[in-house]
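**Student:** Taken in sequence, the protein lines are chains H and W. Residue 225 in the working numbering sits at position 244 of the first sequence, with consecutive numbering throughout. Count along the second sequence from 1, add 605, and you get the number used in the working numbering.
Think of the hints as simulated: they come from the structure by calculation, not from any bench. Beta carbons are placed, not taken as given, at the ideal position from N, Cα and C, and that holds for glycine. Be aware that a few hints might be false.
For lysine-lysine, the following DSS-like pairs were computed, each having C-alpha atoms within a straight-line distance of at most 27 angstroms [as the list claims (entries may be wrong)]:
1) H:K176 with H:K233
2) H:K14 with W:K910
3) W:K910 with H:K234
4) W:K804 with H:K233
5) W:K663 with W:K626
6) H:K14 with W:K914
7) W:K634 with W:K663
8) H:K233 with H:K297
9) W:K910 with H:K4
10) H:K297 with H:K271
11) W:K663 with W:K629
To spell it out: a stretch of chain H is covered by chain W in this simulated footprint if at least three of its residues, at any positions, have a beta carbon under 8 angstroms from a beta carbon of chain W; those stretches are [to be verified]:
12) 46 to 60
13) 131 to 145
14) 190 to 200
To give an idea of the chain W side of the interface with chain H (calculated C-beta under 8 angstroms), a few residues [claimed, not checked]:
15) G715
16) P767
17) L788
18) S847
19) P850
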Amino acid sequence: MAVKNVIEAVREALREEMQRDPKVFVMGEDVGKRGGVFLATQGLIDEFGESRVIDTPLAEASIMGIALGAAFRGMRPIPEVQFSDFIWPAMNQLIGETARACYGSNGVLQVPLVIRVPYGGGIRGGLFHSQNVESIFFHTPGLKVIAPATPYDIKGLLKSAIRDNSPVVFLEHKKTYRLVRGELPEGEYTIPIGKADVKRAGEHITIVSYGLMLHYCLEAAEAVSGEGIDVEVVDLRTLRPLDKETVLNSVKKTGKLLIVHEDNVTGGVGAEIAALVADEAFEYLDGPVKRLCGPDVPTMPFAQTLEDEYMPNTDKIVQALRKQAAY
Amino acid sequence: MAMILELPHVGESVVEGTIGKWLKQPGDKLMRFEPLVEVITDKVTMEVPSPIDGSLLKILAQEGETVPMGAPIAELETADGSDGAALAPAADPTPAPAAAKQPAPVGTTGYLVKNINPVGPTGGGVEAELESPAPVQAQQQAPPPTDQSTPEAPGGASRPSPAVRRLAREHGVDLAQVSGTGLGGRITRDDLIRYVEAKESPAGTPTQVKPPPQPEAGADEQHVPLTPVRRMIADAMVRSVSQIPHAWSTIEVDVTGLVALRAQVRTAFEQREGVDLTYMPFAIKALAESLKEHPTLNASWGGDKITLKRRINVGIAVAAPQGLVVPVIHDADRLSIAGLATALRDLTQRARQNRLTIEDVQGGTFTLNNTGALGSIISYPIINHPQAAILTTEAIQKRAMVRDDAIAIRSMMNICMAFDHRINDGAESGAFLQAVKSRLESMGPDTPLY
């Protein structure tokens, strides 16, 4: 198996799905001639032409609305929002319309679209290039929300998302694009939506995480293994629908839970998981459920020291694990 | 004062760059902001300006070399003896790590490139040595779990956790009998499990703590870390074999005339041109002319179409010290045999000195590999993705052949070709091989070199 990075995995998935199904097309700002600002769509315009790789104006509401219309008409659009920070103008189309179309039409309208959203911080992007937007979509029935962390998962899940008949918000942590490398199988494969993955098995503490943070969690788990702390790391991969079974099974085994995400702590994905565990695994808990998340500040600070303070990292996770272990 | 110039971070999600061309040579004077070196990344090509007034002392990263962002690429000397502000002092002689070394095995979970400096909105950071322990390593000496600074457990020792209460109920344990090891003497779930197991095991001994997993024992083998070039070659080969349906064909070529021609002109040619005349320029000539006739061999597969290439750029496989490289003779169809000989000599020399530029290795439309140089007489080459075919010239041998119903001693050479069967069928590729063959066979003492 070849070792590739995340952006290559995204590109491979898009190319393979576009080759497989002529209804699949991509659209967004700079996705065509420029190949996307991260080069996720590089080369696609040469292979598939301007009618399937569409450069759009800087107008996210239109991008989303046009994609929705195309999906109604049987196409499989993959609109890209250049940075998650720019998704807000599309919110009415996305949450007001897209998420509700199938239910509201009693299943008459299908919306097989995937909106690709590069998100996340830790890249000195400051106010407008670092935002975590997942909690709002996580909260919204009618959407599926996927946030993989490895090249293998991102390719397999992106392919599944494209083939799915529901609207999918596909979150790609942009810091992972060229920073995370892993093996990609040569042949065709997909990964089912809604299945978490135990990336590391352990007995003492469960960490639930996703996206970039997963890798810091794995590093931290490795770091404390020498202290006799055996950590299980669950990668959610799909946020909505949440794989409750994998989370609950892990917590029932370890009795302790640490949730790590970069998004603001209040009302985030971690809050839901904490509630789930309190509700359905209470009798198995041997300590308080802890969250290590981005603080409740309005945006990612630009200053390096403040960004470091904001971002959970391996050190902070190690400290949290030690406290959990000692409890 | 001597300074180290590091490969600068660009505001893109890029972790490494390839040195394209040094615009200054050691000893040259530098003006601040004057272009110093061209750096090629997979997103941009940029000219890195000199950060100082002074001079270039030494080049640390050679042209064509790929180095991580932040790796030292040159030593500079400031004109005024200042410390060059943000530059690092040249004291550290540590060579640039060639590129990401990766822990084995990688697996599909992947790994994180370490020592990351955030660089800007489109993401990315530095990749540096992966072997250095993570910063957390140092903190493993940190306060032990019972440290007083750890906050009190909510509820303290008196309130057992739900898990402990459930287990105590299930096993009928009186919690007053169990000693706690948790925070503030709290009975942990593990304390209870140990207590129950000790009571239930016949000897009454506490159960053994699981030994930590043993590190893998070294077998009779040795791991050799992959060089970036090795990894690139490996990726390219896998891509080619997994994506291109290869078909192979071999024909034999009577090169008696060519052998005679070369023997006749070789010495004079070398005196005149300073270049040893090998068989390769003749092969490239025959190949380039035949490609002109058979454009579908000078092409690439595009999913729903075939892309024919107007230019005939012949890549030549060269065994360089660092591994296989394929420098390209651009527009080979426009060069004479003498011109091809000179171009080939230049490329192979620079390949062996590791001085190829990025342009030298880009744009190939067809690849030629002279496997005969290694004594091979038949090969099954792997196509240089995304080209349509690859051709090898095998060793020339005198063989007994039948000519006009008599046995004749002829100089014979096999040419082998792998072709992308999506683009060409046997008919086209066979016709192409015949074209190459007839050109090579028609070469003789009258063939012009210029």
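**Student:** Looking back at the hints listed earlier, which ones does the structure fail to meet?
**Tutor:** 3, 12 and 19
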